[in-house]
Amino acid sequence: MASARDTSPLTGDAARTPVADGGGAQPLPPSGQPAVGRRTNARRPRGTGMGSRLELAILIGPALIVFLAFVIFPVVIAAYYGFFSWSGFGPAVDFVGLRNYIVILTDPAFHEALGHNIFIAVMSLVLQGPIALGLALLLNRKLRYQSIIRVLIFVPYVISEVVVGVGWSLMLQTNGALNGLLNRLGLGALASDWLSDPAVAIWTLMVIITWKYIGFAVILFLAGLQGIPDELSEAAAIDGASYWQVQRHIVLPLLGPTIRIWAFLSIIGALQLFDLVWIIWGQYVASTAGTSTMATYMVANGRNAGSLGYGSAVAVVMFLISLVVALLYQRFLLRRDTAGAVTGGKR
Amino acid sequence: MAVIDTIEIPPPREHEAPGQRRSGQVLIYLVALVLIGLMLAPVAYIILGGFRSNADITVDPSGFPSVWHWENYADVLVSPVFWQQVGNSTIAAVATTVLVVALGLMAAFALSRYSFRGRGLIYAIFTAGLMFPMTVAITPLYILVRNLGLTNSLVGVIIPQIAFALPITIIILVPFLAAIPHELQEAASIDGCSRLGFFWRMVIPLSMPGVITVGILAFIASWNSYMLPLFLLSTESTFTLPLGTQAFASQYSVDTARVLAFTSLSMIPALVFFSLFERRIVGGLTGAVKG
Amino acid sequence: MGEVRLDEENGNHMNGKKLLAGSAGLVVAALALSACGAGAGDSSAGSDGNVTLTMWHNSTTGPGKAYWKDTAAAFEEANPGVTVEIQSIQNEEMDGKLQTALNSGDAPDIFMSRGGGKLADVVEAGQVMDLTDGLSEATKTALGDAVLSAFAIDGKNYGVPTAVLPSGIYYASDLFEAAGVAAPPATIDELETVAADIKETGVAPIAVGAKDAWPAAHWYYNFALRACSKETMDEAAETRSFDDPCWLKAGEDLQSFLETEPFNEGFLTTTAQQGAGSSAGMIANHQAAMELMGAWNPGVIASLTPDQKPLPDLLWFPFPEVPGGDGGEGAMMGGVDGYSCWVNAPKECVDFLNFTAEKENQEAYATAFVTVPASKEAQAAVTDPALQEILKAYNEAPYVMVWLDTLFGQNIGNALNVAVVDMFAGGGDAQAIVDAVNDAAAKS
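Protein chains in written order, with our numbering: chain A, 1 to 347; chain B, 1001 to 1291; chain C, 2001 to 2444.
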């Protein structure tokens, strides 16, 4: 099998064991089915291959065309500017080759930002995952006020990042609401420079990120949980498994693909993090407070410094880093899937 | 087809005492309540902040409104500009959502259930769209939209929004669609249903949780989208809600209290949309393959 | 387990894929041809002699917005056949939108600019109209060479100023009285004493919005103004590097000033003017006594007071003298706001700019924006007591330098501002500021 295509999660999941992941099928009698099933699978609807080609074109065509035109194409042009020194006005004429890239890769400020991004990515998974899972499991059962609670958890995600930034800045400023409240309650000793103290700031950022995006994780997990038939849990419960045992050994493994997709989106999102940091910390304090990200570095040294060519180069570097992470992730995903992740999920 | 051949279920444990279980439940509820309280505190801050004046917020940041400045909210609610922006935002968000779901679902279906050369490549292209910061691509994008004559119109905002929302939509939908068992597809084709018919009649209802989820995400992304409309829309009559906050921020100062009031009101439609649709994140494959 | 694929499907699929790829490629190519390169913008002169001017300014609200509406209407009346279309754009977004618009070949005819290195970049790209011959005599007399020079590049003029915004220290005189301070400080030592006195009354001596960086940087600029001679500063603007030792001295002066801890607590997370909780807000609510700021401050402070009226006890004194420097006594630093014409704008654009410089319009400007007009003839319209003191100092100043970050251009200016904030945060020293500027060129 050509290896290039194997790096996509598709060839792992969909083609081989479509039912095993994501759940949703009854245990069917084995024996004999596999080969026959596959062949039946491959039988195309009656009609010529033309029908199939046309189907494909109709299905993927519109999305692909819109995407190529409005995303890929501008991105490629933007990346091209990375080879220039360009103030943004007029055509880009000062070709500098790889100089921008060399400067970026040797700049300690960029290394710092990258380090922060990695920290944020890891901590996002660690903090949001368990909490969101717990909440999703909780909200999946018949609960009073189930709907309302779901809405309330989702509210932070609905608020635009700009407003979140404004609100949190007001609250976390050294002379802001949180310190004011602590003082009022007599807990003034706990009041700190939540935003500007390098030891504290990154944790403040993690709290804010968790607060904002946990709703996203919960809703994704909830949707994934819908694909796990109750019959399985009921069967296990009849056999005497407790609630938590059922969750651990049946539900979680079947939720695997959803969790992995969420983790992927979370990591990529963490690598691209910009709005929250920019609005709450501003570009300058971001570096002194230890919360700079690659994206804030990009805007601070790019657009805001009138060096759009440099900014484009940073964007390309960010893209390449994200791409490497994505490829590694999908390779890892693939290995897990082929090892039969459904069986116990303990591997 | 060997599906789930071994699921390890540990030997049955002794039944827990009923009292223990109940107190465990209460603990869970309590924890959930505390969590939710913490989540909503900042939101409450934003909403209450809209009832105060700028001086109040500066002098006593953590205080309750002493004088309730209803006019901050009232002024927004009676302003025709606000409602016009609500209308524009709604049009943009609904159009974006419908089209993203449609295009994304079709593409995800093809990517997850057809096999063809280049499938991995196309999936990778869509994924790649997530990885490039859009603030950099905005200049060429603006030129493109302008050359198509779509600046200053909602269409010019909707189409790029659809494009940007496609990666996450497809990434989420593919595993959901892949999970629909092939037995269903076979059964459908045995009954004379074409693959597209299968798509229309069975896939969509069965993947509802995923579809609703991506629909909600697309709506919210469009509702809160700031940068794209900022660059593409210059006539005030086309402004969407996020751009409306500009009216409260002049060159040298920001009317914080009014901004808080304005944005508190802006989040309501998105929340309404969410609460209408989240109930529908149920069902899916449960019972679909029974008997 | 491998996928089982029948060969004929293989072929079909490949063709399907090719069809898809082909059509996608065609569409993209078509778009590429259309999007590559911006066409030259079309002039907005209609065939029937009607001219439309588009104008972008940054007063999204209040009397400023009304001022431009009225002025445009007056211009249209005086010039039949000319329409002025105005758009107000939020200040923070103005640069980005303008740059994108200029790139696409569809720029506004009249746009805000502040001179200095930033304008020089736009001029270099050939996007600004040369106004040297278009300026009327009336305009030149009213504004004077010194003010007009802010918009001069290589001896040619590229914009008409509307306001001058010198910086100095605003203070709440009531708080001074309460602390027993008799007169505003004239030297830096006196300032340190005053700050200490005020601290004892429980009020923050000086508010600075270091989160936005430039308010902190302004302290450095002013120390540099006192330490360096005009010639040195002009030369640095050319070479864009800090070679003279006076720059180091400025940093050291700032460092020792910082050590007396004269600023408000949490200044690193305080914004300058972004509404509640900003440094301007602190002055407006008497939480801090002093602020180093430009001439737009009275208007900003007025919007943040409890009754949203101008702060009654707001007064002003110039940045104190610092011993041992080469700077001229009484020299001031300040910005200049103004407007420029797009290179493809109709000639009526120049007429509009000359119109804004007329006495009547400048007086209205001064009133609407509560600021100091660029035109000397309109100075009588300034009524705010703090602004009047500024005017006095301004008219007596031997020279006025433009903000260093505007002067040096965005790239260097940005690096300079970051380095100063580092020093405020206790991270960098005077040498680090010099190094940051000299290294900034590498990242352009």
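Note that these hints are calculated values from the structure, not bench results.
Here the structure is a predicted model, which means the values were calculated and not measured.
Note that the Cβ used here is the ideal one computed from N, Cα and C, for glycine as well.
Certain hints may be false.
To be verified - Some, not all, of what chain A presents toward chain C, calculated at C-beta under 8 Å:
(1) G90
(2) V103
(3) L105
(4) Q245
(5) N304
(6) S307
Status of each hint after checking the structure:
Of the supplied interface hints, the one on A/G90 holds, with its beta-carbon coming within about 3 Å of a beta-carbon of chain C, less than 8 Å. For A/V103, the shortest C-beta to C-beta distance to chain C is roughly 6 Å, which falls under 8 Å, so the interface hint holds. The criterion of a C-beta within 8 Å of any C-beta in chain C is not met by A/L105, whose closest approach is roughly 13 Å, and the hint is violated. A distance limit of 8 Å between C-beta atoms decides the matter here; for A/Q245 the minimum to chain C is near 32 Å, and the interface restraint is violated.
Interface hint at A/N304: satisfied, since its Cβ lies 6 Å from the closest Cβ of chain C, which is below the 8 Å cut-off. For A/S307, the shortest C-beta to C-beta distance to chain C is roughly 4 Å, which falls under 8 Å, so the interface hint holds.
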